[in-house]
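Position chain B relative to chain A; hints supplied.
Residue numbers (our numbering), protein chains in the order written: chain A, 9 to 204; chain B, -13 to 195.
Quick caveat, the hints were computed from the structure, so don't treat them as lab data. Honestly, I wouldn't trust all of these hints.
Unchecked claim - For each label pair, taking beta carbons as the anchor points, the in silico distance ranges come out as:
#, chain 1, residue 1, chain 2, residue 2, range
1, B, F157, A, D10, 45 to 51 Å
2, B, E(-9), A, G94, 45 to 51 Å
3, B, Y3, A, G115, 53 to 59 Å
4, A, L16, B, F157, 30 to 36 Å
Said to hold, decoys possible - Lysine-lysine pairs mimicking DSSO-like chemistry, simulated, CA-CA at most 30 Å apart:
#, chain 1, residue 1, chain 2, residue 2
5, B, K58, A, K105
6, B, K115, B, K0
7, B, K82, A, K177
8, B, K30, B, K82
9, B, K115, B, K193
Only a predicted model underlies this, so the values are computations on that prediction, with no experimental measurement involved. In this text, a Cβ means the ideal position worked out from N, Cα and C, and glycines have one as well.
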Amino acid sequence: MDTFTTLLLGFISIVLINNLVLTKFLGICPFIGVSGRIDTAFGMGLAVSFVIMLSGTLTWLIDNLLLAGTPLEVTRYVCYILVIAGAVQLVEMYVRKFSPQLYESFGIFLPLITTNCAILGLCLFINLWEIDNLLEAVVLSFGAGIGFTLAICIMAGIRENLNFADVPKCLRGAPITLITAGLLTLAFMGFSGMIK
Amino acid sequence: MENSEQGTIILYRKTLYAGLWSEIPVFRLMLGMCPTLAVTAAVKPAFTMGMCVLFVLICSNIVVSLMRNLLKPHLRIMMFTLTIATFVTIADLFLKAFQPEMSDALGPYVPLIIVNCIIICRAEACASKNGIFVSILDAIGMGLGFTIALCILASIRELLSTGAIFAIQIFPLQDKGGWFVPIAAFGLPVGAFVTLGLMLGLANLSKKK
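Chain A extracted, bound-state conformation (with noise of 0.2 Å):
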């Protein structure tokens, strides 16, 4: 039971109140690029959720079983890169395979997803808080990408609606993405009480 419990905050507290893209600043480039419109926001959020999970396990597995206490620890980011280049290349293969249409909309962003801050800023926080469960860093890695999905559905829900208003020229685009970006995180620190 209690196991669980920690389970359920951990998975809460990574997908609302430490959201990755809203509190961490990580993954705002898709975050800015992709989410013009609602479907290839989904699209992208499943697919960085996806490598997230993947990656997440896989260099926690590797920390943990290979590095930990080696002279090897030097040699951590490379790993987490070269784990997560191999996962990226995986989707891009089944993307394309199963489903041209997105793969085409999704341009350039695809391949990019390897430098996505999202994923490897996941890895090195599993790291940095010393998680020393497999189940838990599963758990979390899960979060993350559900979060990161979140985060993207409702920017592109909220910029499909901007198209109708009436934006300043200077601040198209990027800029009042950024704006708005800046009001959600207002509303995502409401949920910072939430635990503890």
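Chain B in isolation, oriented as in the chain A frame:
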């Protein structure tokens, strides 16, 4: 002969200045947003971050430029990231050894330089096509441009949230007898997003004129 020499000098100068103004990374190219937002609550971490990026950018541009003829197209990005990861590890260990406080404050954002789009973008757009000298100049220009952008953003935020820049009090605070009421929101994520958004708007405005 003289003409071509002059041409090269102009090219060098253009490469150097591109990063400082016409293609300044954060405002014009919209690259490297994550560290820009994350470490700019105060000037000191922002400056450290800028220096780290400058170091990694110069080293990775040199290495990429030297091996540009050996690269296979489909392995290119992989080689770039591995090169960058190596140098980021060096920078991270250096910070941990000589600036432990700064290293704690920046936390995971130092290793996150690996996925900073600026560095990969420069490796791809400049270093893999040009000789070593141009690549170094480009790295210096872009690195300094990035540092400047970070410092500007950080000084605005630090000034408005604490009334100080580089921890030196500029505005006298109200609870110490002065007039300035610090606006805490600028130290929080919302301040980062809104300030950067407004600054991008200003940059757009200046481009149009």
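These are the hints, each one checked on the structure:
1. B/F157 to A/D10: 45 to 51 Å: With a Cβ separation near 50 Å, B/F157 and A/D10 satisfy 45 to 51 Å, so the hint holds.
2. B/E(-9) to A/G94: 45 to 51 Å: holds, 47 Å
3. B/Y3 to A/G115: 53 to 59 Å: At 31 Å between Cβs, range violated.
4. A/L16 to B/F157: 30 to 36 Å: With Cβ atoms ~45 Å apart, the hint is violated.
5. B/K58 to A/K105: Since the Cα atoms of B/K58 and A/K105 sit roughly 24 Å apart, the hinted pair holds (cutoff 30 Å).
6. B/K115 to B/K0: Distance ~16 Å between B/K115 and B/K0 Cα, so the pair holds.
7. B/K82 to A/K177: Between B/K82 and A/K177 the Cα gap is close to 45 Å, so the pair fails against 30 Å, i.e. violated.
8. B/K30 to B/K82: Distance ~16 Å between B/K30 and B/K82 Cα, so the pair holds.
9. B/K115 to B/K193: holds, 28 Å
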